[in-house]
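Make a model of the complete structure from these sequences and hints.
Going down the list, the protein sequences come from chains V and A. Throughout the first sequence, residue numbering follows our numbering, covering 1 to 281 in sequence. Throughout the second sequence, residue numbering follows our numbering, covering 1 to 556 in sequence.
A few of these clues could be false.
[Unchecked claim] Have a look at the derived ranges for each label pair, beta carbon to beta carbon: (1) A:Asn20 to V:Asp114: 39 to 49 Å; (2) A:Glu463 to V:Glu171: 53 to 63 Å; (3) A:Asp122 to V:Ser33: 28 to 38 Å.
The set of hints was computed from the structure by calculation and includes no laboratory data. From a predicted model like this one, the values you see are computed outputs, not experimental measurements. The beta-carbon is built from N, C-alpha and C at its ideal position, and this holds for glycine as well.
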Amino acid sequence: MTPRRLKIDHTSRYSYSGVVQSSYNEVRLTPLSTPCQQLLDLRVRVTPQVPLYTYIDYWGTQVHAFDIHSPHDTLTVASSSVVEMSTVDASEPDVTWASLETDAVSDDFGEFLDYTSYVPSDGRIAGVAGSLSHTGSPGEAAIAALSWVGAELTYKTGATGVHTSGIQAWEGGEGVCQDFAHLSLCLLRAMKIPARYCSGYVYPSEDVTVGAAIPAESHAWVEYWVGDWVAVDPTAGAPVSDRHVLVARGRDYSDVAPVKGIFNGGPTSGMQVDVRLTPLA
Amino acid sequence: MRRMGDLLDGYSLAHPYGRNAWDEMFEDRGSPRPGTKALCDILQSLSGAELESRASARDRMFRDRGITFQLSGEERPFPLDLIPRLIVDEEWQELERGIVQRVKALEALLADVYGAGRIFSDGVIPRRLVTSSEHFHRAAWGIEPPNGVRVHVAGIDVVRGEDGHFYVLEDNLRCPSGVSYVIENRRMMARIFPELFASHRVTAVDGYPAKLLEALRAAAPPGVADPTVVVMTPGVYNSAFFEHSFLARQMGVELVEGRDLLCHSGRVYMRTSDGEREVHVIYRRVDDEFLDPLHFRSDSLVGCPGLINVARSGNVTLANAVGNGVADDKLTYTYVPEAIRYYLGEEPILRNVATYRLEDPEQLAYTLARMDELVFKPVSGSGGYGIVIGPEATDEQLASLRQNLTVNPRGWIAQELVALSTAPTWVDNRIAPRHLDLRPFAINDGNGIWVLPGGLTRVALPEGGLVVNSSQGGGSKDTWVIAGSSRRKAKAPTGGHGREVASNAPAPGSSLRRPSGLPVGVFDPEPGPSWEDPDRLHQQERQQQQAGHGQGPLSC
Numbered sequence: 001m002t003p004r005r006l007k008i009d010h011t012s013r014y015s016y017s018g019v020v021q022s023s024y025n026e027v028r029l030t031p032l033s034t035p036c037q038q039l040l041d042l043r044v045r046v047t048p049q050v051p052l053y054t055y056i057d058y059w060g061t062q063v064h065a066f067d068i069h070s071p072h073d074t075l076t077v078a079s080s081s082v083v084e085m086s087t088v089d090a091s092e093p094d095v096t097w098a099s100l101e102t103d104a105v106s107d108d109f110g111e112f113l114d115y116t117s118y119v120p121s122d123g124r125i126a127g128v129a130g131s132l133s134h135t136g137s138p139g140e141a142a143i144a145a146l147s148w149v150g151a152e153l154t155y156k157t158g159a160t161g162v163h164t165s166g167i168q169a170w171e172g173g174e175g176v177c178q179d180f181a182h183l184s185l186c187l188l189r190a191m192k193i194p195a196r197y198c199s200g201y202v203y204p205s206e207d208v209t210v211g212a213a214i215p216a217e218s219h220a221w222v223e224y225w226v227g228d229w230v231a232v233d234p235t236a237g238a239p240v241s242d243r244h245v246l247v248a249r250g251r252d253y254s255d256v257a258p259v260k261g262i263f264n265g266g267p268t269s270g271m272q273v274d275v276r277l278t279p280l281a
Numbered sequence: 001m002r003r004m005g006d007l008l009d010g011y012s013l014a015h016p017y018g019r020n021a022w023d024e025m026f027e028d029r030g031s032p033r034p035g036t037k038a039l040c041d042i043l044q045s046l047s048g049a050e051l052e053s054r055a056s057a058r059d060r061m062f063r064d065r066g067i068t069f070q071l072s073g074e075e076r077p078f079p080l081d082l083i084p085r086l087i088v089d090e091e092w093q094e095l096e097r098g099i100v101q102r103v104k105a106l107e108a109l110l111a112d113v114y115g116a117g118r119i120f121s122d123g124v125i126p127r128r129l130v131t132s133s134e135h136f137h138r139a140a141w142g143i144e145p146p147n148g149v150r151v152h153v154a155g156i157d158v159v160r161g162e163d164g165h166f167y168v169l170e171d172n173l174r175c176p177s178g179v180s181y182v183i184e185n186r187r188m189m190a191r192i193f194p195e196l197f198a199s200h201r202v203t204a205v206d207g208y209p210a211k212l213l214e215a216l217r218a219a220a221p222p223g224v225a226d227p228t229v230v231v232m233t234p235g236v237y238n239s240a241f242f243e244h245s246f247l248a249r250q251m252g253v254e255l256v257e258g259r260d261l262l263c264h265s266g267r268v269y270m271r272t273s274d275g276e277r278e279v280h281v282i283y284r285r286v287d288d289e290f291l292d293p294l295h296f297r298s299d300s301l302v303g304c305p306g307l308i309n310v311a312r313s314g315n316v317t318l319a320n321a322v323g324n325g326v327a328d329d330k331l332t333y334t335y336v337p338e339a340i341r342y343y344l345g346e347e348p349i350l351r352n353v354a355t356y357r358l359e360d361p362e363q364l365a366y367t368l369a370r371m372d373e374l375v376f377k378p379v380s381g382s383g384g385y386g387i388v389i390g391p392e393a394t395d396e397q398l399a400s401l402r403q404n405l406t407v408n409p410r411g412w413i414a415q416e417l418v419a420l421s422t423a424p425t426w427v428d429n430r431i432a433p434r435h436l437d438l439r440p441f442a443i444n445d446g447n448g449i450w451v452l453p454g455g456l457t458r459v460a461l462p463e464g465g466l467v468v469n470s471s472q473g474g475g476s477k478d479t480w481v482i483a484g485s486s487r488r489k490a491k492a493p494t495g496g497h498g499r500e501v502a503s504n505a506p507a508p509g510s511s512l513r514r515p516s517g518l519p520v521g522v523f524d525p526e527p528g529p530s531w532e533d534p535d536r537l538h539q540q541e542r543q544q545q546q547a548g549h550g551q552g553p554l555s556c
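Right, here's the structure in full:
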């Protein structure tokens, strides 16, 4: 069973060991409206209280930006959103390898083929990509690539950090959803299949009790293009379902980071993130 | 060979790589070109001793005024050649029209790239060209400049080929520098060679700061009747700092560094001893990557956090706009003639130098077969770095270049070598031909594009040299556009301008107030860089504007 309407409460709390005089921040916490989900309500609150400036960035993500100029030793960003979920018939697109090589694909999706610091080029991965490419069509090879990632990485928190690249996580053999996503992107892009990073939430339980909040976490998965976009969750080793709530897409984590900022003072001594998902229907 | 007076005796035309370079003063058979006879006659009437004494006067005055540059760690007076370069009015008018046309098309291209992307969907330019450019700043996507101008100042580098036509070598749409030298060169020439001006109708250049201020004010956010304009510099260690302070002084506006500015709730203020004062237009000479540590390099010490979002909200205008580099990249350059036809429906007035795109396998094969004849330039480079001149390269250099080109064809372009034109130049106590280029400056105020008559002529001082960078022994020439009878002299700055300056200047007695050094941090979760790292600050001040005059592009 899946929730049809979901309330998402996402609170980040930063504490500093010294007083912060000023800070400049951007948060990306607004679920997208897509054929699979509709944003019904959104509130973002920042403490200390300051005005928020919102805009849509290049990737289509809603950004809340703010700056604080009063001395503070904690910063809290709380977003609360309500999303209506719906199921869209999953198509199973596929293309030929030759059609991925065309100028049209590089024009439309070139950014999702480029390597980045989180998704670096790697000779060993290129070798894996080469052998997987021979297993069938791009669509089939992509599925094989994701199961390869699932076999190579073990889910473990604390083994990697926010700046770990997909390759570094692979070398350690352990990681979290961000690492699963980045390693998947390394391999898909090495196969010349356009692939992008997705951030959001996933409702973690089969049990849906209306009104009961469930603790959850920010989540990350990928989408790849084989004639159309296909969304998969490499951490779960499963397709993206109607329990996934999409917030942002980009080339890698840095395009979609939920909170980024720069501040005068500090340093940061603690960060606490709390995500709760509550089925409303 | 030719025979004339003492100093011009033996002036022989240059033949780089077996080509016949165009001489700006003499025709092939030695007679002065139209419009240059008066200058020619004066040069013949002078002795070497007279020219030497004027050269000493020049160096003394430049030193006194602090107009120097560093060469091999030594402060030297700015290398202005004693002999001006002449451009006759008919030629200038065509060049001017070509530059106006080009800047118009580049403005349209930038608006399209950071907007609807029509030129991509119409298949004129591949979208990949832009998305693969390191100067395509997605953070600038969605910023609408108030009067539509992104290229407030452009420097379009041109060279004259063997056929006498001007060719565009490079567009500079980020922070083109060198205009202060144009104005200082003219002042110097008027002092050391007053008699030359008596016999020539030289179009004035000192109206530039007023034109720039006018354009910056016109770019202010809507509804601001009396905008506050500032010049933003990376700091005193930047090679173009002289120009930054020069322009601020000439315009009568504050010169600020990043730490003098403060973004607060969607507005930008400068800190003065009288408190914070809102700023509406920032003529910034800080590179994009260092401008706003929230969006770009978080370790930047020369920027101001929050600027990009204030610009996005429309409360401040950044001049030039962020992300212009996508249109002056050397690969984009190859598409500019197409962009002119597409946006303006006109044929390009100025030609490009024949250039090959190496991503195209046929063009790559063609250039690999002619490596010893062509010039190879890195696409993202500026300041002449990394350029390989085929005829001058060793076999090892060509072999390693061949490897680079094959691995990374997107990273390079190849160009036909242009035998830069020459002009008589005072070197080693005689007058000899030296190769030169020209950087005219254009200002767009939203209503029209104005081109400063002339521009910065850079000259390669070593004999036969084609490298005009002052860091590599290059000098400059005062560049004269000789007004025709049909043309009025350039308008002097108007009287109304003085009032603008006064209203823009800080209140009497107030001065910039700098915040005390505080550590700065970045979330998630790297330890923050410190404001109190003078070495890194100075290094960043220097890093800015590599395209500046000190390290200008190699012109060949």
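The hints, checked one at a time:
At roughly 46 Å, the beta carbons of Asn20 of chain A and Asp114 of chain V sit within the given window of 39 to 49 Å. Distance hint for Glu463 of chain A and Glu171 of chain V: a CB-CB separation of about 57 Å, consistent with the stated range 53 to 63 Å. At roughly 29 Å, the beta-carbon separation of Asp122 of chain A and Ser33 of chain V lies within the given 28 to 38 Å, and the hint holds.
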